[in-house]
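Those protein sequences? They're chains A and B, same order as listed. The first sequence maps to residues 1 to 357 in our numbering. The second sequence maps to residues 1001 to 1311 in our numbering.
It is possible that some hints are incorrect.
Distance ranges between label pairs, derived from CB positions [unchecked claim]:
(1) 31(A) x 1179(B): 32 to 42 angstroms
(2) 182(A) x 1134(B): 28 to 38 angstroms
(3) 7(A) x 1054(B): 36 to 46 angstroms
(4) 1227(B) x 182(A): 54 to 64 angstroms
(5) 18(A) x 1227(B): 35 to 45 angstroms
(6) 1167(B) x 18(A): 39 to 49 angstroms
(7) 1017(B) x 182(A): 20 to 30 angstroms
(8) 1038(B) x 36(A): 11 to 21 angstroms
(9) 31(A) x 1028(B): 21 to 31 angstroms
One-sided excerpt, in silico: chain A residues whose CB lies under 8 angstroms from chain B [stated by the list, open to error]:
(10) 169
(11) 170
(12) 177
Okay, derived cross-link-like pairs now, DSSO-like style, lysine-lysine, Cα gap no bigger than 27 angstroms in a straight line [claimed, not checked]:
(13) 1092(B) x 1006(B)
(14) 1276(B) x 15(A)
(15) 15(A) x 1233(B)
(16) 1077(B) x 14(A)
(17) 1276(B) x 1289(B)
(18) 1233(B) x 1276(B)
Keep in mind that the hints were calculated from the coordinates and are not lab data. Because the structure is a prediction, the values reported are computed rather than measured. We put the CB at the ideal spot given by N, CA and C, even for glycine.
Here is what each chain is made of, one letter per residue.
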Amino acid sequence: MPIHKVGYRGWQGKKVPVPWRWWIISFTGIRVVLRSRWVRRLMFVCYFPVLYWGLAVFMLEQYMAYPDLQSDLIEAIQQADRFENNRDRWRRPGRNGPPQNRRMQRPGFINMLPKSQVVIDALQSPGADTRHVVWSWLLMTFFRYPQSIMLLFLVGFIAPGLISRDVRSRAFLLYFSRPIGRFEYILGKLMIPAVFIAFITCLPALVLYVFGIMLSTDWSIISMTWDIPFRVLAASFILILPTASIALMLSSLTQESRFATFAWFALWIMGHGAWLAIVLAQSISFGKPPFSQSVMDSALVENWSLISLYNNLGAVQSWVFGFDKFTDIWPSFTILCLLTLVALVILFRRVSAPIRI
Amino acid sequence: MADLIKVQNIVKDYRRMRALNDVSFEIQPGITGLLGPNGAGKSTLIKVLMGLVRVSSGTGTILGNRLGRHGRLIRSKIGYMPEDDCYIPGLKGVEAVQFSACLAGIPTTEALRRAHEILDFCGMKQERYRDIETFSTGMRQKIKFAASIVHDPELLIFDEPTAGLDPEERENLLNRIQILANDAGKSVLISTHILPDVQAICDHALILASGQVRLSESLEVLNRPTSPTLTIKLVGDAQSFIKDLQKSGLQVHQEHDFNHLRVSGDTDNLSQLVWKTAQQNGISIHALKPAKNSLEEIFISAVEESNVAHT
C-alpha cells in the first residue's frame, strides 16, 4: 500500500448533529471577520470605556466604604459638572435675545444623563439599595452611551458584507446544497454580529459587575444585586436582535456591501439627526437649553424620539434596568419588535429568492 | 437493480411558466448524462431532486428517500457542484472545502484533514492556501468539485463540470469522475451541453427538452445502429471497392475523408463480406470497427421532436 495515496478514499465517521450546523457558519464568519485589522482595532477601542466605568464602580465602593469621603465625592462630581457647564462661556454667544440670555446655559453633564436624579437621590441617602441603583444606572449608561455608539461602527464594519458578498459570489447554492436550511443560514449569519456585539456590551458589563462584587468585599451584595447580570443579558439581547436583524436585512438587499454600509449609517444618523433637530427647534422655541428637563419632557420631543432607533433602544434598556415602567416605553418596544420582525421577514424572503428561481 | 432516482409525473410551475411538465424517469447506478438545450428545465430538475424547490405535483424517491419530504436527508447523501461560478467569500481554497465538509456534518479537525485529502485527489497543490477570490475559473471549478465530494456522498450531481476548463483539466476531471464511479462506486448525474463528455464517460443519457423527458436510455443502446454498421479506414483506390460493396447490396457512406467509409447492411456476415471485397480490389484495411450512432444526431433529433410537438 502506498504511504500517501492520492486517489479517492471514502469517509466513514460520525457526523455532527444537524441542529448545531448553524454554528459552523457563525464560527467561520467570525474567523473571516477577525482577519480584518480594522475590526480588531475597533474592538480594542471598544474596551476603553470599560476603564472609565470601572473607575466609577471603584469610586462608588470608596463612597460606600468611607462615609467621611461622601461629601468630598459629591463636591467633586459637582465641580466636574460645573467645569463642563463653564466651557460654554468661551463659546460664541447667540445673536438673538437679550444680552443676558445670549449664551444658552447647558445643563450639567450629570443632568443630561437619563435618570440621573434617581442616582443622586440614592447617593445622598446611602442605603442597602444604593449599590443596586447605582450599578444598574452605570451599566445602563454604559450600554447607552459608549457601547451603543461603538456598536454602530462595529456592526457597520462587520454586517454589511455578510450576506451581500454571498449574493455577489452566488454562494447560496453552496450553502443550501448541504443539509442546512434557510433558518440555519440566517441564524448562523445573525450570530456573527451578535457575538461581536455581545463581546463589546454583555461581556464588559458582566466584568464590571464582577469587579464591583470583588471590590465590595461583602458577599451579601450578590443577594442584593443578583438580578443585574440577568438585566445585562436582557439589555444585550435587546441591542443584539434588532441591530443584527436590520443590518443583515440591509446586507441581503444588495450585492454591494458599501450600499448596505451606507444604508446602515443613514438609518441611524437620519433618525437620530431628525430627532436632534426637533430638540434644537423646541429648545429655541422654549428659550431653554437643549436637553434641559422642560425641553426633553415636551410632548413633541418625546413623541418624535420614536423616529430614532438609538432612542428606542435606550428607552427599552431603561426599562430593562428598572428605571422606567413598561407602560412608559411600550411604543419604543413595539417599534423595535416591528422593525425586527420586518427585517427578519425580508431577510428570509431575500435569502430564499435565489434558490427559488 | 434498485433505482437510484425514480420520479413520476413531476410538474413544476413558476407562476405562469411550466418548467417541468409531467416528467417521469428512472436512473440506475452509474454515470448518467442529463442533456438538454438552454431552458429545458435541467437546473430546475436538479433543484427538485435536491429538495431545494417544491414540485407542483408528482412524486419520486431519491436513494430511497421520498422527494419533498426528506430534503435534508437527501442533501446529506448528495454532492452537488453548481454550474455558476460561485464560492464562499473570504476563505482560502482549503478552508472552502473544509467549510463544505463541516456543513455536511464532518467535525472541524477531521474536515480539514479530509479537505487536504480531497484536494490531493483533485490535483490542487500549494495554491490551496490562496484566497479563493484570487482563483481562476478553472481553479474554482476544482474547488467546487472538491467541495461536492468531500463528504463522501452516495450520489454526485455535477452541473456543467467541465465548463471553463482547459482541455487537459477537462480530461483530468472526466477521469476523476470515472474513478469516483468505477472505483468508489458512486453514482453520478452530469448535466452538460458538451456531448463528447457524455459520450466519453456516461452509461446512460437523459434528454430533457421544453420541460419534458424526450429520451432516457443507456448509451450502449443509443449508440447501437438499427442495422449492422462498420466504420472502415482504408488505403488504396476506394471507388472500385465502394462499387463492389454497393453491388453486394450494402449501403456505403463516404465520410469527411475519402478513406473513411461507413458501411451498413442487413447481413450477418458484414465484416467477412467487407474483407473479401477488399481482398478482391487489392485494398488494404487499416481499421475496421462497429459503428456507433452519433450522440449529437440523437440529441438534435430529440430536441427537434420537442420543437415540432410545441409548434
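(message) Within 36 to 46 angstroms: is that where the Cβ-Cβ distance between residue 7(A) and residue 1054(B) falls?
(response) Check passed, 39 angstroms falls within 36 to 46 angstroms.
(message) So if I understand the rule, the pair passes when the alpha-carbon distance is 27 angstroms or less; does residue 1233(B) with residue 1276(B) pass?
(response) Answer holds: residue 1233(B) to residue 1276(B) is near 15 angstroms, not above 27 angstroms.
(request) Take a quick look at whether residue 1276(B) and residue 15(A) sit within 27 angstroms of each other, Cα to Cα. (result) violated, 66 angstroms
(message) Hint check: residue 1077(B) vs residue 14(A), CA-CA at most 27 angstroms. Holds or violated?
(response) holds, 14 angstroms
(request) Return holds or violated for the Cβ distance of residue 182(A) and residue 1134(B) against the range 28 to 38 angstroms. (result) holds, 30 angstroms
(request) Evaluate the given range 32 to 42 angstroms for the C-beta pair formed by residue 31(A) and residue 1179(B). (result) Taking Cβ atoms as reference, residue 31(A) and residue 1179(B) lie about 33 angstroms apart, which means the hint holds.
(message) Is 11 to 21 angstroms respected by the C-beta to C-beta distance linking residue 1038(B) and residue 36(A)?
(response) violated, 41 angstroms
(message) Please check whether residue 1227(B) and residue 182(A) have a Cβ separation lying inside 54 to 64 angstroms.
(response) holds, 56 angstroms
(message) Run the distance test for residue 15(A) versus residue 1233(B): straight-line Cα separation, threshold 27 angstroms.
(response) violated, 56 angstroms
(message) Given the hinted pair residue 1276(B) and residue 1289(B), is their Cα-Cα distance within 27 angstroms?
(response) Cα-Cα ~16 angstroms, so holds.
(message) Please check whether residue 177(A) passes as an interface residue: C-beta within 8 angstroms of a C-beta belonging to chain B.
(response) With a minimum Cβ separation of about 4 angstroms from chain B (threshold 8 angstroms), the hint on residue 177(A) holds.
(message) Against the range 39 to 49 angstroms, how does the distance between the Cβ atoms of residue 1167(B) and residue 18(A) compare: consistent or not?
(response) At roughly 41 angstroms between Cβ atoms, residue 18(A) and residue 1167(B) fall inside 39 to 49 angstroms, so the hint holds.
Violation of the numbered hints given earlier is confined to hints 5, 8, 9, 13, 14 and 15; the remaining hints are satisfied by the structure.
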